[in-house]
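**Student:** Below, each chain spelled out in residue letters.
2 protein chains.
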Amino acid sequence: MLANSAVVIRRARRDDIQIIVAMLADDPLGSGRERIEHPLPPSYFRAFEAVEKDPNIQLVVAEQGGVVVGCLQLCILPGLSSQGASRALIEDVRVASHCRSRGIGEQLAQWAVAQARARECRLVELLTHNTRLDAQRFYKRLGFQPSHVGMTLRF
Amino acid sequence: MLANSAVVIRRARRDDIQIIVAMLADDPLGSGRERIEHPLPPSYFRAFEAVEKDPNIQLVVAEQGGVVVGCLQLCILPGLSSQGASRALIEDVRVASHCRSRGIGEQLAQWAVAQARARECRLVELLTHNTRLDAQRFYKRLGFQPSHVGMTLRF
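From first to last, the protein sequence lines stand for chains A and B. Note that my numbering gives residue 89 to position 89 of the first sequence, counting from 1, and the numbers run on in steps of one. Note that my numbering gives residue 25 to position 25 of the second sequence, counting from 1, and the numbers run on in steps of one.
Chain A extracted, bound-state conformation (with noise of 0.2 Å):
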């Protein structure tokens, strides 16, 4: 793979579950939460299936070089708020470990916040951890506001 060919951002595939696990877990807080066995638990094919029905959510890769190096979901939310205007809800955003400090995660990011435009939505909107300040600085940098506390209750 080289560093400086071209980004390309597709749909994953379910061929691609094993690399996108490996991304989310492959983090301080996503390192508990994951299961990297081989083959992977069945759930995580359960929700690839989900995912891949729902006309309203698009789990997508950036492959550089035909290799898989980042993902992101998206998911386009109805709702009254806004005069009717649908919200985008970006989660999962991972670039390997790797490949940063290339441009993918603004890339992936770009490619949300123009598929939430192209969809008419007025409002992008996200969740990241407080401990994640590269990720909050990143996403300033994209024109995202930190204008909302994000609360989280855990089963």
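Hints in this document: simulated from the structure, not taken from any laboratory. Backbone N, C-alpha and C fix where the C-beta goes; we use that ideal spot for every residue, glycine too. Check each hint, because a few of them may be wrong.
Just some of the chain A residues that point at chain B, by a computed CB distance under 10 Å [to be verified]:
hint, residue
1, Ser-5
2, Val-8
3, Ile-9
4, Ile-20
5, Tyr-44
6, Asp-54
7, Leu-59
8, Ser-86
9, Lys-140
We have chain A; now place chain B onto it with these hints.
**Tutor:** Okay, now just chain B, sitting in the frame of chain A:
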């Protein structure tokens, strides 16, 4: 309406749209975003139809003594992270201004948490504006942690 009569949480109907939008607008942040006209702009009705068609989204109202006094939208979002567990997102929580401090918001939020558990989510998340200190205290009391920064980009 009796302030102490039972609160019922039920799916929103088309004839609730007017009162839901009025609650969304009756708010320092929402007032500039909504258009209260009679009839309402058709975009609200189109959004309601999109919400109704989406099996992952529930827009509910709290009704007390036959009167709508609150609303909440719950999205159940499949995704690969956390071993393929779905995530629940709470949006657009409002209680009519003359009905606050009666536990209606708590019943709405607890309904959403119970739904998230029933749908086998491992995480419930929401964004609340930095200025909504009362809302932050309210969600902390229900067990939510202010673990994330909620970042937004408005078009």
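**Student:** Check the structure against each numbered hint from earlier and tell me which ones fail, lowest number first.
**Tutor:** 1, 2 and 3
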